[in-house]
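From first to last, the protein sequence lines stand for chains A and B.
If you read the first sequence in this note's numbering, its first letter stands for residue 1, the second for the next number, and so on.
If you read the second sequence in this note's numbering, its first letter stands for residue 102, the second for the next number, and so on.
Derived from the structure by calculation, the hints contain no laboratory data.
Yeah, the Cβ is synthetic: ideal placement off N, Cα and C, and Gly gets one too.
Heads up, some of the hints might be wrong.
Claimed, not checked - If you want the ones that stay clear, here's a sample from chain B, every Cβ over 10 Å from chain A, calculated:
no.: 1; residue: 105
no.: 2; residue: 113
no.: 3; residue: 169
no.: 4; residue: 188
no.: 5; residue: 232
no.: 6; residue: 233
no.: 7; residue: 249
no.: 8; residue: 258
no.: 9; residue: 262
no.: 10; residue: 270
Stated by the list, open to error - 30 Å max Cα-Cα, derived BS3-like pairs, lysine-lysine:
no.: 11; chain 1: A; residue 1: 65; chain 2: B; residue 2: 209
no.: 12; chain 1: B; residue 1: 240; chain 2: B; residue 2: 224
no.: 13; chain 1: B; residue 1: 240; chain 2: B; residue 2: 209
no.: 14; chain 1: B; residue 1: 224; chain 2: A; residue 2: 79
no.: 15; chain 1: B; residue 1: 269; chain 2: B; residue 2: 209
no.: 16; chain 1: B; residue 1: 245; chain 2: A; residue 2: 80
no.: 17; chain 1: B; residue 1: 212; chain 2: A; residue 2: 85
no.: 18; chain 1: B; residue 1: 170; chain 2: A; residue 2: 32
no.: 19; chain 1: A; residue 1: 24; chain 2: B; residue 2: 106
no.: 20; chain 1: B; residue 1: 240; chain 2: A; residue 2: 24
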Amino acid sequence: MIYSCSLVELLEIIVPIKECIPNKSMVNKISKYLNGELSINEKDEFLNSLVFDEELMQELVEFHKLLVYTDIISREGDKKIAEEKLSALMELIKKNNWSNG
Amino acid sequence: MDFSKIYISFYPQLVRFASDFVSYEEDAENIIQDVFVGLWERKDTLDCIENMNAYIYRLAKNKCLDHLKHKIVKEKFIANAQSAYEQELSLKLRSLENIDVEHLSEEKMEKIILNAINSLPKKCREIFLLSRYDGLRYKEISEKLDISINTVETQMCIALKKLRSSIKI
Chain A
1 MIYSCSLVEL LEIIVPIKEC IPNKSMVNKI SKYLNGELSI NEKDEFLNSL
51 VFDEELMQEL VEFHKLLVYT DIISREGDKK IAEEKLSALM ELIKKNNWSN
101 G
Chain B
102 MDFSKIYISF YPQLVRFASD FVSYEEDAEN IIQDVFVGLW ERKDTLDCIE
152 NMNAYIYRLA KNKCLDHLKH KIVKEKFIAN AQSAYEQELS LKLRSLENID
202 VEHLSEEKME KIILNAINSL PKKCREIFLL SRYDGLRYKE ISEKLDISIN
252 TVETQMCIAL KKLRSSIKI
């Protein structure tokens, strides 16, 4: 089946979709910031630009939130670290004679 | 010209001179100490100096200038760092306020996220995991996988966009 529509109709469909997708350069900056890949100067510049760019700020918050979510996945070594930390905490509790309650 | 004599004659007045320009007496003393250390190192040529008074004041002036310039650069750096740090704190505050812990801690969430990550294209997933889970820098990833840093950046962007569309948060 062949659909036909005018250019105006096509733009009405495409433009809102495009507006929903943050541009590559913005995502790249956000990604680099969140992954600690910006130099000190780039980071300063990026943080300063947030003051005047609410859209960038909102996108950053959303992507940050996304990475926070991906951080809940268990990783190799998590259990070992937790066991060691718990053991150290127990030692501390015992040493300081802290009682529960 | 005897170094000790010069020291005795000039030290107090040079410290006062320096004190007029720097904030702390201790800094002034250190600056003038530096002036005399420099002079000591050239003590064999002191006799060639025609006007010791002007010479030693010029040394003191230059040392004070260096000190002030260094201070200004340092203070600017601290102010910038402070400002960037405050911005970062505000940003993190806003991000944290946006986190719905009920949603985040839903039992199914870990599975949803794992599925989303596993749905990423192979290379993209590998790069994302190396960065986020193994903590590798982009440069390290590019070396490990023998690809350019640009490719790492691009794949990380793709990963973020795809994850964002598949994890509804």
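Evaluated hints:
no.: 1; hint: 105; in the structure: 47 Å, holds
no.: 2; hint: 113; in the structure: 43 Å, holds
no.: 3; hint: 169; in the structure: 24 Å, holds
no.: 4; hint: 188; in the structure: 4 Å, violated
no.: 5; hint: 232; in the structure: 6 Å, violated
no.: 6; hint: 233; in the structure: 6 Å, violated
no.: 7; hint: 249; in the structure: 14 Å, holds
no.: 8; hint: 258; in the structure: 5 Å, violated
no.: 9; hint: 262; in the structure: 6 Å, violated
no.: 10; hint: 270; in the structure: 6 Å, violated
no.: 11; hint: 65/A with 209/B; in the structure: 17 Å, holds
no.: 12; hint: 240/B with 224/B; in the structure: 16 Å, holds
no.: 13; hint: 240/B with 209/B; in the structure: 34 Å, violated
no.: 14; hint: 224/B with 79/A; in the structure: 28 Å, holds
no.: 15; hint: 269/B with 209/B; in the structure: 12 Å, holds
no.: 16; hint: 245/B with 80/A; in the structure: 27 Å, holds
no.: 17; hint: 212/B with 85/A; in the structure: 27 Å, holds
no.: 18; hint: 170/B with 32/A; in the structure: 34 Å, violated
no.: 19; hint: 24/A with 106/B; in the structure: 71 Å, violated
no.: 20; hint: 240/B with 24/A; in the structure: 20 Å, holds
Against the hints set out earlier in the document, violations occur for numbers 4, 5, 6, 8, 9, 10, 13, 18 and 19.
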